[in-house]
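**Q** Since chain P is already given, all that's left is putting chains X, D, V, G and R on it; use the hints.
Protein chains in written order, with our numbering: chain P, -19 to 114; chain X, -19 to 114; chain D, -19 to 114; chain V, -19 to 114; chain G, -19 to 114; chain R, -19 to 114.
There are no misleading hints in this set.
Since copy identity is lost for identical chains, a pair holds within one copy or between any two.
Pairs of lysine to any residue, SDA-like flavour, derived with a Cα cap of 20 Å:
1. LYS41 <-> CYS73
2. LYS62 <-> ASP15
3. LYS(-7) <-> ARG22
4. LYS(-1) <-> GLU(-12)
5. LYS62 <-> LEU13
6. LYS62 <-> ASN12
7. LYS(-1) <-> GLU11
8. LYS62 <-> THR111
9. LYS41 <-> PRO75
10. LYS41 <-> SER74
11. LYS(-7) <-> ASP19
Simulated from the structure, these hints should not be mistaken for laboratory data.
Each chain, written out:
There are 6 protein chains.
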Amino acid sequence: MASETVSEDKYQKGIKYLKNMNPDSFRILEENLEDLAPDMARYVAEFAYGEIYSRPGLDLKTRELVTIASITTLGSAQTQLKSHIHGALNVGCSPQEIIEVIIQMAVYAGFPKALNGLFSASEVFSERNVTIEK
Amino acid sequence: MASETVSEDKYQKGIKYLKNMNPDSFRILEENLEDLAPDMARYVAEFAYGEIYSRPGLDLKTRELVTIASITTLGSAQTQLKSHIHGALNVGCSPQEIIEVIIQMAVYAGFPKALNGLFSASEVFSERNVTIEK
Amino acid sequence: MASETVSEDKYQKGIKYLKNMNPDSFRILEENLEDLAPDMARYVAEFAYGEIYSRPGLDLKTRELVTIASITTLGSAQTQLKSHIHGALNVGCSPQEIIEVIIQMAVYAGFPKALNGLFSASEVFSERNVTIEK
Amino acid sequence: MASETVSEDKYQKGIKYLKNMNPDSFRILEENLEDLAPDMARYVAEFAYGEIYSRPGLDLKTRELVTIASITTLGSAQTQLKSHIHGALNVGCSPQEIIEVIIQMAVYAGFPKALNGLFSASEVFSERNVTIEK
Amino acid sequence: MASETVSEDKYQKGIKYLKNMNPDSFRILEENLEDLAPDMARYVAEFAYGEIYSRPGLDLKTRELVTIASITTLGSAQTQLKSHIHGALNVGCSPQEIIEVIIQMAVYAGFPKALNGLFSASEVFSERNVTIEK
Amino acid sequence: MASETVSEDKYQKGIKYLKNMNPDSFRILEENLEDLAPDMARYVAEFAYGEIYSRPGLDLKTRELVTIASITTLGSAQTQLKSHIHGALNVGCSPQEIIEVIIQMAVYAGFPKALNGLFSASEVFSERNVTIEK
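Chain P with its partners taken away, still in its complex shape:
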């Protein structure tokens, strides 16, 4: 049986992606879920990263930017939004690109959600001493 059809491999593949993209967020997630729902952390690794992020056809920078667009539009998942703003910076998105995506959400998701997205970005940028070029 070919190794790419094996769940174990999906998990390992996901973990490999996560180590590049967002190791801290995943470690915290695993710790938070270990007594409650450890399978959920496995699904994040296996399905979200091992299956979806590892698909060809779209580079990781664009994958993180569309995720930021989606979570800003949800409006109620600031922890996950901040985690993906970290992820976007980790895979090479510039702070300005991230800000541009969130500003654009004012048109599609409304100003309140765009503003709250910007405040989340501001927290991440402060934490990492990232500044926006003008």
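**A** Then chains X, D, V, G and R, alone, in the frame of chain P:
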């Protein structure tokens, strides 16, 4: 007074963008709104395109892909989603890139919204005789 | 026993409101639900109209306008939105006031939902031969 | 006039349900609303519990689980989600059943909302010294 | 390597569940996605059914009822809602239980979404000649 | 060129509105955005206030009440909701009118969002020593 501070210019700038990105959708929108709320069509040209899409810092292909992510996440605006799938193709996104963005929304917005996004893409691709490379 | 504490009276009170505000919508709703969930039609009469719309402290015109704002923001309940646009006209809101509320939703709920709200208003206005004064 | 048609009785019926299901949450709700909107606490007792939860045709355990599914899907009402996780435990749902419902929401509402639902469950379980059997 | 860790098996396991729960919906889904995004149909089988629905700890009837609660709350995925109302009937939920879940959503997701959920149930029940016992 | 077509004037017009409606919120917003996305504060002044709130056809009190309805329905933007509850009081809405709008949202957006809207109103009223007349 510098010309870039003039609303008239924002409108003209937006129309210039719309002519490249999505001329048919905007013409239909203008016709639908002309007796009801013509200012709303003006805001689309002036604010969404003249102001937001014309910002530097993010290319138009990425701008269309994050818009597709956002409207797929909203889940209830299939007319606008199809309009932006047209727009994405018009500015050079490949069908595969569009599909990748919508598939990824299964993780962030859930499977029902991602599936409905794919069905909207399917309609646009059929209309334009676009096929996905395998 | 004071009459205002009696459910029967809440129902009758709600029906009285509905007869002024939106008799057709409620009759269609009752017919659609009579074999499936007749209590749901009763809750609309009793709770939504007999309890909430009949509260003092806000006039019916404002109550219909805030309902239009809320349903436009939901984005996925066009039948109910059109029913309340009828209701708003029935209690004396002008077409222009209704349009103003929906346009304003572009800021808070995003352009796609505001546009879809306007298209619903357009259908109701056409049906009733209502025109917007310019 | 039959007693079941009397609002006072709906309220008493709702309070009876609330005393079994979630007495603490309702007491806090009543205190928080007493100067602001005491009718809103009455509607919770009378409509949500006296009318809906007291309907035959679905047991209270299932009613709490579908409520947890709905509020997890809303994504932005963690106080109410935690209140209903308490309620679910109070009417006999196992911690594992609650976790299963929330994990399943990853498919329908997306991973971020499911993860935030799990974190709310974690807080409630810690507070009550509840542990998940493995 | 243990067979339960193999993706191929997750897929087969999911298909086995789907054959009992909702064979028609899945066949239509596969056909609709085969030229566009065949992996998405695979994820439905593999992740949603092979992974989530096949988890122990919650019976299939309850799993379908919480899914109906979630999709009614989304408000904009009537195709998927109808598919899961079929699924719920197929695994043994009574029409009345389904209606009870949707009515309850009036409290948590608002009346418009609950009403639209009931209309979807009505379509499925008509199609299958299902009637509600009174 | 007529002055009303000039963006600079839209900005000044918006600032004039903001000074009456919500000077503190805007000042805080501008400070929070100045290093991150100063254009976003400009869009709030220029588009939301200079363009939308300054439209004829709806008085400012009604504009604030429909905004409160919309943001309560979003459910996840309590900072912006509180800002507009301040704004509503500043333009002459009574506390009771604000409470009535939010209570009514229980019907359209569900009880959890209405309750969270009331808690936000409670915080604003406490801060301003506003009391509800009974």
